[in-house]
Amino acid sequence: MKKKSLWQTLTGSREMSLVAVLIVLLIVITILSPSFLSPTNISQIFRNNALTLLMAIGMLCVMLTAGIDISITSTLAFAGMTIGMLQKYDVIHNTFLLFLIGTGIGIVCGLLNGVIIAKAKVAPIICTMGFMYIWRGMAYVVSGNAWASGADVAGFSDFGKEGSPGPYIILIVAYVIFFIVMKWTRFGRKIYAVGSNAEAARISGINVDRTVISVYTIMGLLAGLAGVLSVSIYASAQPNMQYAKEMDVIAACVIGGVSMNGGRGSVAGTFLGALIIAIIAKALPLVGIDAIAQNLVKGIIILAVVILNVITQRMMDHQNLVRREM
Amino acid sequence: MKKKVLGLLLAATMSIGMLAGCGGSGSADTSASTDTAATTEEAAPAADTSSEEAAPAAAASGEGKTYALVTKSAGNAFMELLGQGFKEAVEASGGTAIIKDPASATADAQISEISSLISQGVDSILVAANDENALQAVLQEASDAGIKILTVDSDVAANSRAVFVNQASTELIGQTLLDACYDIAGGEGQYAILSATSQATNQNAWIEAMKAAAEADSKYANLELVEVAYGDDEPQKSTDQTQALLEKYPDLKVICAPTTVGIAAAAKVLQDSGSSVKLTGLGLPSEMVEYIGEDDAHSCPYMYLWNMIDLGNLAGYTSVALVNGDLTGAVGDTYEAGSMGTFEVVDVNGATQVILGNPFKFDASNVQEWADKGM
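Residue numbers (the numbering used here), protein chains in the order written: chain S, 517 to 842; chain U, 366 to 740.
None of these hints come from the bench; they were simulated from the model. It is possible that some hints are incorrect.
Stated by the list, open to error - Cβ pair distances, simulated, as ranges:
#: 1; chain 1: S; residue 1: R726; chain 2: U; residue 2: A510; range: 56 to 64 Å
#: 2; chain 1: U; residue 1: A510; chain 2: S; residue 2: V544; range: 31 to 39 Å
#: 3; chain 1: S; residue 1: Y684; chain 2: U; residue 2: D509; range: 53 to 61 Å
#: 4; chain 1: U; residue 1: N524; chain 2: S; residue 2: A760; range: 32 to 40 Å
#: 5; chain 1: S; residue 1: D725; chain 2: U; residue 2: S477; range: 38 to 46 Å
#: 6; chain 1: S; residue 1: I693; chain 2: U; residue 2: S477; range: 40 to 48 Å
We put the beta carbon where it would ideally sit given N, CA and C, even for glycine.
All chains, full assembly: derive it from the sequences and hints.
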């Protein structure tokens, strides 16, 4: 019990340090580009980065169990491409049904990841690497070397169109649900328990395998949902969509203070981390950094924030130790 | 029960996916890096009956030979059309076409495809290069093995290949795009370019040509290029970059996107936000149908492209001519490209090229028709 309260204080303060980083970042950007915080810009930040924001929640769950999932953007592409093709060849045009199918594909992909990792004890990075190729390959197979574009997905793309509340509603609902689940439900606590110490969790009666399978399934669900959302927002389905963007999602979590070793991280921190990534993506072209140097600057900012995180963490650990001795 | 339903769903989507695969392309070439080989027995008689006097002669010339095409990457609708045209031309000449789609749009992926083609012992390799210089060593190796090398769509260094089959001359594309910006902007004002990646050979050449054309004539003096942005051919990044352009340059009049992914992403941003900024560039009709129109409700008055099937066709006939010796790749060489007529090798800044023709204009009157053709 003592450990838990210590953990809570830590994450509480860590989020504060992220808020500080965010404020500094925003001040710098606003000086360079005064209109950055306009309502249009803010809504575009959330809309254009809805996929990263959404998948970061799933990645948080996975990383809390000391796992990782690098197959997410492949799942996204498979789900997105499938619903793109369903529309291109006029099979289904019902938005709700398309969301259901895309999310369903995501759930199946995630479930397979979970079962193989939990039951066959394959290392998460290896298992999801395999599926990274498989689902990306499926996206190509499904596409048959064709793309779905504007006219094909007309109607459906209204959901994610600029000015439509769709993507924002999905984001808000997802974050509220997971904030509650991770903080106040048994399932949420089980995830933390499995990640902190799997053996102890097992002894205390938690079905570790089932928890692991659940988190990968959740990840898959969110990746599938992100795939559908992507097609709706960009009115385009290409098999290479969001290629290599899983790193943005992992970076969002790491910036948000989620530990790669499991057991540590929060929904609020993840949100702040993803928001920092989103703001960087939006701000870089605006503040006059040369296009070819934008990735370089992005990398430097990510590393700087993570190093700052580690230093704050260490200082807080130290302070807490001192306090406990007294 | 839940699992059963999910299983069914997956099965359904997979089978739909396969149907989609059949509907989407004439060739069986669906997954990353598979061969599309056609037998000569079927193709040769078809050529005899279908086309005019040039075809039977050509049919004999390609007999028993194998012609390879290495595209930029799998899953690229643009390259699919190129491959379709290439295959038609090769089969009409009685040869066998092999089309390799690298898994990713990188030079590395192309190098491994070319290496495997060398060991397969093909007669010619046609490449749409992902990098201007990185393919040099492997192309030299192929050349040493007696394989004829040529490029299409995006060139490599001139000494690495016999000839480059160019969609339209770089200068002409630059001039055409600049004139489109000039026309849409009404003769003066700011315009920006939204490109693919900063290393894309063809994009950079076109942008340079636009700049050169702007300097060459004083009538463009009031037209100001404010920025070249790079959307990396990703919808998300292209969207970010387009919005950034709108934000940074409130007086912007025109965006020119000489890349199919970029123009579609920019068209959506402009049209959805009801911006007064107009768009032109190079785009695929099927991707742009929604956005092309003269009125304010559409973001793109007109755009350009070339006929990718024709380009593939020409590249196919050029492969055949190179292998049977009708063509050496020297400046002034002329050869028959099946039903397309006679083409001549020209020198453009020290690089030997065959040029398909002028960029083709797509506007509200013809875009639907071309989209229906699958382009």
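Quick rundown of the hints versus the structure:
no., hint, result
1, S:R726 - U:A510: 56 to 64 Å, "holds (58 Å)"
2, U:A510 - S:V544: 31 to 39 Å, "violated (57 Å)"
3, S:Y684 - U:D509: 53 to 61 Å, "holds (60 Å)"
4, U:N524 - S:A760: 32 to 40 Å, "holds (34 Å)"
5, S:D725 - U:S477: 38 to 46 Å, "holds (40 Å)"
6, S:I693 - U:S477: 40 to 48 Å, "holds (45 Å)"
Going through the hint list in order, the structure does not satisfy hint 2, though it satisfies all others.
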